[in-house]
Structure formats: structure tokens, C-alpha cells
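Asker: These protein sequence lines map, in sequence, to chains A and B.
Residue numbering for the first sequence follows our numbering, beginning at 582 and increasing consecutively.
Residue numbering for the second sequence follows our numbering, beginning at 582 and increasing consecutively.
Calculated from the structure, these hints are not laboratory results.
Where hints are given, some of them may not hold.
[Unchecked claim] Ranges between beta-carbon positions, derived for each pair:
hint, chain 1, residue 1, chain 2, residue 2, range
1, B, R616, A, A784, 42 to 50 Å
2, B, D706, A, G773, 44 to 52 Å
3, A, P757, B, A754, 47 to 55 Å
4, B, L594, A, T688, 48 to 56 Å
5, A, G773, B, S660, 33 to 41 Å
6, A, E615, B, D596, 20 to 28 Å
7, B, D620, A, T688, 21 to 29 Å
8, A, A752, B, A754, 27 to 35 Å
Every residue, glycine too, gets a C-beta built ideally from N, C-alpha and C.
2 protein chains.
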Amino acid sequence: MSDVSLGATHRTLRDEVTAELRRRIMSGEFGQGERLVEDRLAALLGVSRNPVRESIRVLAAEGFVQVVPRFGATVATLSAEEGDELFDVRMAVEGLAARLAARKRTTASAERLRRVLEEARQAVDEGRLDAVADLNTAFHLAVGEAAGNSYLNLMMTPMLQRAQWVFSQTAAARGPHSWSEHLSLYEAIAAGDEDEAQARAVAHVAAARRSFLTAVGRANRTKHAIN
Amino acid sequence: MSDVSLGATHRTLRDEVTAELRRRIMSGEFGQGERLVEDRLAALLGVSRNPVRESIRVLAAEGFVQVVPRFGATVATLSAEEGDELFDVRMAVEGLAARLAARKRTTASAERLRRVLEEARQAVDEGRLDAVADLNTAFHLAVGEAAGNSYLNLMMTPMLQRAQWVFSQTAAARGPHSWSEHLSLYEAIAAGDEDEAQARAVAHVAAARRSFLTAVGRANRTKHAIN
DNA sequence: ATGTTAGGTCTTGTATACAGTGTCCGAACT
DNA sequence: AGTTCGGACACTGTATACAAGACCTAACAT
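I would like the entire structure built from these sequences, with the hints used as guidance.
Answerer: See below:
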């Protein structure tokens with residue numbers, strides 16, 4: 582009996598439904614405010630209503646859908662203001678994550694961060710944009726894991742998914758700056774400099790916020806409001 | 582059509598099951614690591630397995646239960662270390678909440694905070710200890726609401742419930758100091774002093790951590806480890 | 001013309017039934 | 001005596017069925 586059986590051994594239908602619904606919401610295939618009818622989703626995914634219902638509850642807890650009793654679930658709406666609010670939370674949470682990651686750094690966690698950075702570099706070179714977005718989230722999540730705080734991780738996972746959603750919904754994009762900022766953050770963590778790590782993480786999120794606000798401004802000028 | 586229909590109009594069975602299971606976990610009636618068999622919970626609460634299953638998924642997202650596919654759900658275990666880790670997260674998150682609450686203060690939110698403080702004072706006078714614990718959480722949550730950040734609120738609700746759980750599980754208790762700290766935090770928020778509000782919130786959580794660590798130390802000395 | 005009410009339809013909420021998988025225990029074999 | 005294999009049991013995963021409520025429409029009355 583090995584210890585490899587850490588959850589991911591089995592993957593239930595419901596897990597896949599949850600992931601698939603989340604993916605379709607994040608990709609914009611399910612638009613904001615769109616009604617999520619259990620029957621149709623079940624038919625669409627070739628399953629019964631039960632896994633769909635349970636998935637919807639999870640996605641509601643993550644903030645991706647809003648559920649009104651006896652009415653149903655709709656994809657959450659994301660005003661520009663709500664999108665902006667997320668950055669305040671991220672600065673606080675990710676700043677802490679970076680600080681703790683620097684404090685508790687291990688060779689294993691540093692190795693993991695470096696590996697994600699390397700994968701991202703390749704994806705950028707090959708122009709795989711969707712992979713870049715996923716790897717961006719993966720890097721931030723890896724910092725959270727390096728912090729070694731279980732509850733911090735539990736809350737960071739949906740938070741970062743939401744952040745990715747916010748970016749994709751606003752057609753906001755960050756250039757190569759983002760990855761140099763990641764590298765710089767990694768170095769501070771690897772050096773064990775808590776203050777610097779936190780400062781760089783906060784600055785990185787602040788830079789992301791500026792990109793977001795620019796994109797929102799652009800959208801407003803072209804009459805394509807975020808919501 | 583009034584705008585009063587804000588979610589809480591209807592209360593489904595599943596909502597009550599979720600609340601009831603959470604309550605029994607937080608009260609210790611369902612001990613850490615205890616297996617949660619769907620059939621038995623359904624029979625216990627007089628419902629079918631479906632509401633129970635959905636509730637378990639929600640509680641898993643909140644971190645109260647751990648679900649292993651094809652094995653089942655168990656009440657999450659809470660080591661002393663994990664309990665302590667929560668305070669780091671709380672300081673970051675609640676510090677932000679206090680700062681934003683001070684920034685966006687309104688007469689309505691200030692009134693609401695004052696009302697909770699008043700209710701708590703009465704509960705303390707009347708010696709209703711369980712109500713005091715709930716009102717403690719309610720105050721912290723009210724600060725979160727006063728911050729006017731929807732996602733911050735979404736994550737604070739389960740975080741504060743978990744904090745209450747940590748305290749009750751360790752038999753940690755805080756005296757009247759806690760409420761004078763609350764009052765002091767309220768005043769900083771009402772005065773709109775962001776820096777002071779954040780500092781007092783952080784100090785308050787830090788004080789709670791000291792109480793927790795004292796209780797854990799006491800438990801360890803008496804051979805009653807938290808887990 | 002407008003308000004109201006009754007019916008039908010759509011969708012959620014809940015329960016029950018079935019299938020599949022893992023666990024545990026005992027018996028047979030080494 | 002220890003080990004391994006097999007089968008019964010228990011529980012989860014998934015599907016289907018039924019109940020109840022909400023919304024929409026249309027006919028009717030005022």
C-alpha cells in the first residue's frame with residue numbers, strides 16, 4: 582500500500598462535470614448571467630442530473646455561479662468593479678503566500694516553481710496562449726503550495742481560477758513582463774527574503790490590476806462593457 | 582415586484598441539512614476524522630441521500646470535510662499546526678477587510694457593527710456563551726460586509742466559521758478583552774482611519790492566536806492533544 | 001384597455017432504485 | 001502459523017422517477 586493514493590487516483594464523473602462546466606464558464610462559452618438548466622447540462626454532457634447538481638453547488642461555493650432556490654443557477658455576473666475588487670484580495674492573500682513561501686522554502690518547492698517557469702517559457706515560445714494562461718495560474722498556485730499552509734491553499738485555488746476568468750472575460754492580457762516578474766518573485770522566494778517576496782508578489786498583482794483597468798477602459802471606449 | 586426576493590426568501594431542505602451538518606461538526610458532535618456515511622446521515626436527519634450528498638460537497642469546499650472518491654467523506658482533521666496556520670490567513674484577510682471597511686464606511690454599516698456589539702454585550706451579561714461565540718463570528722463577518730468587496734465576503738464566511746471551529750475544538754476561550762478589541766476596531770473603522778483599523782484587526786487576530794496557542798499548550802500538557 | 005385568474009408547462013427539489021467498487025473477513029492452501 | 005484467494009457486505013456513484021413550485025400565457029371580467 583503506497584501513499585500514492587492521494588485523492589487523484591480515482592476520478593468520478595462528477596469531478597469531470599465540475600471541471601468541464603468550470604472550463605466552459607471560464608472560456609466564455611457559458612456567458613455571464615446565462616441560465617444553467619440542469620436537464621440541458623445533463624443532456625449536453627451525457628450524464629444524469631445528479632452529478633450536474635453537485636457540480637453546480639461546488640461552483641457556487643467557488644463563486645462561478647449564483648444559485649437562487651427554486652429558480653436555478655446562473656453564471657455569475659462580473660462587473661468591472663467586482664473584477665477590480667478581486668485584486669485587493671489577491672494582493673493580501675498572494676502577498677502572504679509569497680512571504681510564507683520564502684520563509685519555508687525547500688529545495689523541492691523551489692524546484693517545482695522553476696519547473697513551472699520553464700514550462701511557461703516553452704509555451705510562450707511556441708505561442709500556445711491558452712497554455713500560458715493556465716501556467717500563469719499554475720505558478721501562482723505553486724507559490725501557494727510552497728507556503729505550506731493548507732487553508733491558504735484551499736482558498737487560493739478558486740481565487741486564482743476566478744482571477745483567470747476575470748482576465749479572459751476582459752480580454753486583458755499581460756505581456757512578457759508578467760513572466761519576468763514571476764522570475765523575480767521566484768528569486769526572492771528562493772533567497773528566503775520574506776519582505777522582498779511579499780513586495781514583489783504585491784507589485785506583480787498591482788501590475789496585473791493596471792493591465793485589467795486598461796483593458797476595461799479600452800472595452801468601455803469601444804462600447805463593449807465587461808458585463 | 583420588490584427587490585426583497587434576495588435569495589433568503591426560500592429555504593430548501595438541503596440548506597438546512599448543510600447548516601445542521603456544519604453545526605454538528607463545529608459543536609464537536611461529529612468528531613475529527615469521523616466517517617460521514619450518507620445513509621446514516623440521511624436517516625438521522627429524516628431526508629434522502631441527495632440533499633446530504635450535496636451538503637457534503639459544499640462542506641468539502643469550505644474545508645470542513647474531506648472527501649475521498651469511492652471511499653466517502655470524513656470530518657476534516659485539524660492538527661494544532663493547521664489550526665495555527667489559519668491565523669496567518671486571518672491576519673491578511675481580516676486586516677484587508679478592516680482597511681476597506683474604514684475606507685468605505687457608511688452610516689448603515691457602522692450602525693450594523695454597533696448593533697452586533699450591543700447584542701454581544703447583552704449576551705455576555707446574560708452568560709449565553711454559545712451566543713457569544715456566534716456573535717463574535719457575526720462581528721467579524723459584519724466587518725467583511727462593511728468592506729463592500731463581494732469576493733472577500735465569499736471567502737470570509739467559511740474562513741470565520743472555520744476559525745470558530747478551531748476555537749471550540751481547542752477549548753480556547755477569550756475573555757472580555759476580545760470585546761474591547763472589537764470596540765476599538767469599530768471605532769477606528771467608524772473614524773475612517775484605514776491604517777489604524779487594519780492594525781487593530783491584525784492585533785486582534787494576533788491576540789486570538791496567543792489564546793489559541795496557550796490553550797493548545799495546556800491541552801498538550803494534560804495529554805489531550807487537539808487531534 | 002387593463003387587471004386578474006386559471007391552466008399548462010418548465011424547472012427545481014426530493015426520493016428511490018440500481019450498478020459498481022472497495023473493504024473486510026474467513027477459509028483453504030502452503 | 002502465515003499467506004493468499006475468494007466471496008459477502010457496505011458504501012458510494014449514477015440514473016430514474018415523482019412531487020412541488022414558479023413562470024408564462026391566455027381567456028375572462030371589469
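Asker: Determine for every hint whether it applies to the structure shown.
Answerer: Status of the hints after comparison with the structure:
1. For the pair R616 of chain B and A784 of chain A, the supplied restraint of 42 to 50 Å holds, since their beta-carbon distance comes to about 46 Å.
2. Separated by about 50 Å at the C-beta atoms, D706 of chain B and G773 of chain A satisfy the suggested range of 44 to 52 Å.
3. Taken as a hint, the range 47 to 55 Å holds for the pair P757 of chain A and A754 of chain B, whose Cβ atoms sit roughly 53 Å apart.
4. At roughly 51 Å, the beta carbons of L594 of chain B and T688 of chain A sit within the given window of 48 to 56 Å.
5. In this structure the supplied range 33 to 41 Å is violated for G773 of chain A paired with S660 of chain B, their Cβ-Cβ distance being about 25 Å.
6. Roughly 24 Å separates the CB atoms of E615 of chain A and D596 of chain B, a value that falls within the hinted 20 to 28 Å.
7. Evaluation of the 21 to 29 Å hint for D620 of chain B and T688 of chain A yields a failure: the beta carbon distance comes to about 46 Å.
8. Between A752 of chain A and A754 of chain B the beta carbons are some 52 Å apart, a value that contradicts the proposed interval 27 to 35 Å.
The structure shown violates the earlier hints numbered 5, 7 and 8.
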